[in-house]
Amino acid sequence: MMLKTVSKPFIRQVCVQTLCIGVFFSNSAEAEFTYSGQNRLTLEYYSVSGDKQNGLYPFEGLQSFDDLSINFSDNYSVYRSMRGYILANVNNSDYRGDYGTKISNAAVTYENGESATPYRLDVGDFFASQSRHTLQRGLKGLQIELQPQTSSSPYSIQLFAGRSAQDYEVFFDGDKDYFFGGSLLTETEKLGAFAVTSVKYHSLESTGNNTENVSSVAWQKDFKFGDFTHSVETEFSHLSGSNATTDNLDGASQFFKFSGRNLQGTDYLVRLERNDDQFRPAGAAVAADRETVDLQWGLSLREDINLRLRSQRFRDNYNSSNISTSQIFGANLTGLPFSSSKGFFKQLNVGLDVYQQNDSDENRSFNRDSRSLQLNLSLPINQQWRSRAAYQRLELDDNLANRTSTRQSLSGGVDYLFRYNKWNGTFSPTLRYTEDIDVSSNKTANASLGFLMNASKNGYRVLLSHQFVDLQASDPAALESTTAQTRIEWQKDWKDHSLIVGYDHFNRDPDSNDDTDSYKMSLAWVYRFDKPRPPATGSISQDFAVTSFRRLDDLRLGARFDGQVKDILKNSSYVYAGNSGRYQLFEGKLFPNISNRQVLAVESRAGSIETANILIPVSRNENTAEGTYKRFLDELLTKFGAPSLNIDRGDFDANWIGNLQANKFSRIVEWQTANGVLRFGIPRPKTGQIRIELQLRRQQPSPNSNDWGLAIIL
Amino acid sequence: MKILRSLATSLFLVILLSSPLHARDFRNIIKIPVAPTGFVSDSVGTGRTNFKQIDQRLIEQSVRKIVASWNNNTLSEYLADNFQDKSLLINTIRRSVPRDANLRVLSVQGVSTLEQKELKQQKDKNKQLQSIVIATVELQIEFSDPFNGFVRLPHTSQFYLQVTESE
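Chains as they are written, first to last, in this note's numbering: chain H, 191 to 904; chain U, 36 to 202.
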């Protein structure tokens, strides 16, 4: 019997069931093509007086630049879409590299689920994320992914070709070096995920004369045993070809990972990795000639106390006769140890990290012991007050020379939330004392007093910070001095425009020489444009509420932020540590395999989550900072896959912090999630503290500027 | 266009939810939403098919019933067996939504059919027509917040409905 049309009703029974509910912003207008972006024109004036040799700014006078960022998208149908972005700048500043107009990043992604073989095409910038052992970096070029529709398991075939270039001027230059290759990936329920990858790298003589090929096979499977969910993963890789040192490359890598967790909060990780001395793929993110054993075990001692133990061993140059070994034993404790008491310290949040590390080699050219203790305390007094204190101690023993050096630092401060004449703001004074005792028992000491204040009212924002440092040294070779640093920033937002005025003053006053004053004044005009215009009203998000917290985007933007969400955070090892302005802070570990402090800062508005952020203080040392950055990026790449935006400008070198301040160093990686845009990177420090930040918000500010960090003192 | 974008968002959400429990060192498959057989995209970009039309009044009545069930805690009766994290949604609503919160339908703006197929019942040899229908609904949640007073949260939702018509 044929079915009849609806115009002649034949329906006797109708059953309606809901398959899915999606919720998005209120907006009645439909748009064919949408775009958004912003343009920022910045004028800066630099001046140095006094002893100019010690001034902060090597170039004086007027400097200017203009940054433009545009995002666009078009959804041709439910199954066919296009999105992209362009970042361009006009530079007339000595602090930002070469003069002229440049397109630094541009990308278009076209996705078609209507064709017989669904495909995704990336043109321009894309992040080639095959595996850590083959290729994991941002490239400019082409990538196509095919997902053939089979009745059994899903398949994915990726083919790509591209260059690693900072901007499109470099991309089109004569020194050609290319990555190209592909991978086949399938995921089956019974056998797990299986991938075969091959990447070829070719460069001309001027860039190393490499012709190398790295291939790998990888497998990963989840399974349940006992009350644990386990995961086993392995990858075998081989590098062949030629480079500047050999015509017969023969490098191999073996990687094995076994991990698991249960619902009671216990987890473990066993990671073994071995890379030959010749295993140095140009696009990989691994250390050559290294053997790694990484054992970690985490557990909840109580509902609000978490302990993590780690033992790591790295053997470098293991193919040589002089193997150097680093052995680390560490423990990390976070939580509310006095929560069961009724006293004042019931809400005292404690973060303690201790480790001992031994570095030595077989030739006994060095043998060092490092012992580190980091203690962070925070105590919310009430909704307006939060007090904080920190103590750090690092001891270095040179066992061969029998010498010891020590560095310790003690700091304390408060955050006070104030309201005055319709201004809402935070005032955060901090006192810090740092002491260094070197191997000759010479002592240097820094005492610093600083404060940060930010306030806002009806489209106006003000930021004021000041820090005074007094350096005392017992070593006659050291120069005692005082420094004072002041920053004032005023911003007015009016419709699509913002006007930002900044003033920076740095004074260095050595005891025996002339003092130096460095000034910087800046004026910026920001114009934002959107089509269609963003909604004026807020919205609730897809799931109405937070139900778990394993990734930052589990904190649904717009969801209610109440005691139940805080309980979920507590179950995920994050416990409340007080308020700083409109941010509620929580101490814990979102990335338990990494020992760095990871503070969660949740911004709420009218009881709903506005933004969610992870703040990770990082060392000023370029090698340590780079290692920390890469470890977190690796974790994020494994969780979120290839990012939609990757900016990698400048190197981690001795001047990296200065370059970060001057916008010549930039690290920004973004993922488009179903719950906003996730940005990871290193913003320009607003509080003097260098931090890696992970921020989730509905829209991110322009990636052209480094000025996107949060003004929170940890 | 907003409808399409939200559908893509929802599909992306489903993909995220179905990702492996443990992160791995090599890449994952980020699935491309695949068009069902019979789907034809037109030049305007809205996507159309030669599906049999579903009565819009029927959809509107159903949406109102579903929203009413949200208010009286019987939503689970209307959620399909394969609804993603069905029990999680019910528990979340029960746990997190304020008790005095009321969900109100402001309007049902658009209804379109995404997928349609015939089902044949072996027992009584009757035929069924099963359609996947997307309805765009203007909703408003209203509740009293202890800090902010009476709160109205207007938003636009998309309901993915499985409509089974039997002879």
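Don't read these hints as lab results, they were simulated from the structure.
Hints are supplied without guarantee of correctness; some may be wrong.
[Said to hold, decoys possible] Listed below are the simulated BS3-like cross-link pairs for lysine-lysine, each with C-alpha atoms no more than 27 Å apart in a straight line:
no.	chain 1	residue 1	chain 2	residue 2
1	H	Lys411	H	Lys820
2	H	Lys447	U	Lys162
3	H	Lys829	U	Lys87
4	H	Lys447	H	Lys536
5	H	Lys829	U	Lys66
6	U	Lys100	H	Lys411
7	U	Lys66	H	Lys756
8	H	Lys414	U	Lys121
9	H	Lys411	U	Lys162
10	H	Lys380	U	Lys66
[Claimed, not checked] Chain H residues, not near chain U, derived (Cβ > 12 Å throughout):
no.	residue
11	Asp363
12	Asp412
13	Ala434
14	Gly615
15	Gln675
16	Trp715
Quick reminder that beta carbons are idealized off the backbone N, C-alpha and C, glycines included.
Minimum Cβ-Cβ distance from Ala434 (chain H) to chain U exceeds 12 Å = 28 Å, holds
Is the Cβ of Asp412 (chain H) more than 12 Å away from each Cβ in chain U?
-> 5 Å, violated
27 Å Cα cutoff - pair Lys447 (chain H), Lys162 (chain U) | 52 Å, violated
Could you let me know if the closest chain U CB is still more than 12 Å away from the CB of Gln675 (chain H)?
-> 38 Å, holds
Can we confirm that no CB of chain U comes within 12 Å of the CB of Asp363 (chain H)?
-> Correct as stated: the minimum Cβ-Cβ distance to chain U is 30 Å, above 12 Å.
Given pair status - Lys536 (chain H), Lys447 (chain H), alpha carbons within 27 Å | 39 Å, violated
Given the hinted pair Lys829 (chain H) and Lys87 (chain U), is their alpha-carbon gap at most 27 Å?
-> 42 Å, violated
Evaluate the condition: distance from the CB of Gly615 (chain H) to the nearest CB of chain U exceeds 12 Å.
-> At roughly 20 Å from the nearest Cβ of chain U, Gly615 (chain H) sits farther out than 12 Å, so the non-interface label holds.
Verify the proposed pairing of Lys414 (chain H) with Lys121 (chain U), using a straight-line Cα cut of 27 Å.
-> 22 Å, holds
Satisfaction of hint between Lys66 (chain U) and Lys829 (chain H), Cα-Cα up to 27 Å | 15 Å, holds
Sort out whether Lys411 (chain H) lies within 27 Å of Lys100 (chain U), counting only the CA atoms.
-> 43 Å, violated
Does the structure keep Lys411 (chain H) and Lys162 (chain U) at a Cα separation of 27 Å or less?
-> 42 Å, violated
Of the numbered hints listed earlier, those contradicted by the structure are 2, 3, 4, 6, 7, 9, 12.
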